[in-house]
Amino acid sequence: VQLQASGGGLVQPGGSLSLSCAASGSGFNLKAMGWYRQAPGKQRELVAGIVAGGSTNYADSVKGRFTISRDRARNTVYLQMNDLKPEDTAAYYCHAVNWGDDNYWGQGTLVTVSS
Numbered sequence: 012v013q014l015q016a017s018g019g020g021l022v023q024p025g026g027s028l029s030l031s032c033a034a035s036g037s038g039f040n041l042k043a044m045g046w047y048r049q050a051p052g053k054q055r056e057l058v059a060g061i062v063a064g065g066s067t068n069y070a071d072s073v074k075g076r077f078t079i080s081r082d083r084a085r086n087t088v089y090l091q092m093n094d095l096k097p098e099d100t101a102a103y104y105c106h107a108v109n110w111g112d113d114n115y116w117g118q119g120t121l122v123t124v125s126s
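Numbering-wise (my numbering), the sequence shown opens with residue 12 and increments by one.
Hints in this document: simulated from the structure, not taken from any laboratory. Positions of the beta carbon are idealized from the N, C-alpha and C atoms, including for glycine. A few of these clues could be false.
Pairs of lysine to aspartate or glutamate residues, derived as DMTMM-like cross-links and limited to a Cα-Cα distance of at most 25 Å, are as follows [what the hints assert, rightly or not]:
{"id": "1", "residue 1": "Lys42", "residue 2": "Asp94"}
{"id": "2", "residue 1": "Lys53", "residue 2": "Asp94"}
{"id": "3", "residue 1": "Lys42", "residue 2": "Asp113"}
{"id": "4", "residue 1": "Lys74", "residue 2": "Glu98"}
{"id": "5", "residue 1": "Lys42", "residue 2": "Glu98"}
{"id": "6", "residue 1": "Lys74", "residue 2": "Glu56"}
{"id": "7", "residue 1": "Lys53", "residue 2": "Asp71"}
{"id": "8", "residue 1": "Lys53", "residue 2": "Glu98"}
{"id": "9", "residue 1": "Lys42", "residue 2": "Asp71"}
{"id": "10", "residue 1": "Lys42", "residue 2": "Glu56"}
{"id": "11", "residue 1": "Lys96", "residue 2": "Asp71"}
{"id": "12", "residue 1": "Lys96", "residue 2": "Glu56"}
{"id": "13", "residue 1": "Lys74", "residue 2": "Asp94"}
Computed beta-carbon distance windows for the label pairs [unchecked claim]:
{"id": "14", "residue 1": "Lys74", "residue 2": "Lys42", "range": "19 to 27 Å"}
{"id": "15", "residue 1": "Ser126", "residue 2": "Asn40", "range": "39 to 47 Å"}
{"id": "16", "residue 1": "Arg85", "residue 2": "Gly52", "range": "12 to 20 Å"}
Using the sequences and the accompanying hints, generate a full structural model.
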């Protein structure tokens, strides 16, 4: 499974950005997809996840501001980020796990929130 992330960039505080991640390959069936982030000097943390049944979960720090969604037909997961704060600045990584609990990571995409 290959994960190709896109989106990200520079935005002012209070602004919005959208990330997308497309999964490709053959013979895969994903149990869950999601987004992690890692700020300089900090550990990678889960931002949001969505499972095959559609249930979602979010880090407390992004609840009410970020929304994760998934297009199962296109094997693509999206992260809509609103009301961005400087502390949201990080490299964001797409993640997927299949039913065999194999983990896959996309390349990081940088989100910078600054005035």
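How the hints compare with the structure:
| no. | hint | verdict |
| --- | --- | --- |
| 1 | Lys42 / Asp94 | violated, 29 Å |
| 2 | Lys53 / Asp94 | holds, 22 Å |
| 3 | Lys42 / Asp113 | holds, 10 Å |
| 4 | Lys74 / Glu98 | holds, 14 Å |
| 5 | Lys42 / Glu98 | violated, 30 Å |
| 6 | Lys74 / Glu56 | holds, 14 Å |
| 7 | Lys53 / Asp71 | holds, 17 Å |
| 8 | Lys53 / Glu98 | holds, 12 Å |
| 9 | Lys42 / Asp71 | holds, 23 Å |
| 10 | Lys42 / Glu56 | holds, 19 Å |
| 11 | Lys96 / Asp71 | holds, 14 Å |
| 12 | Lys96 / Glu56 | holds, 16 Å |
| 13 | Lys74 / Asp94 | holds, 11 Å |
| 14 | Lys74 / Lys42: 19 to 27 Å | holds, 23 Å |
| 15 | Ser126 / Asn40: 39 to 47 Å | holds, 44 Å |
| 16 | Arg85 / Gly52: 12 to 20 Å | violated, 35 Å |
In summary, the structure is inconsistent with hints 1, 5, 16 from the numbered list given earlier, while agreeing with the others.
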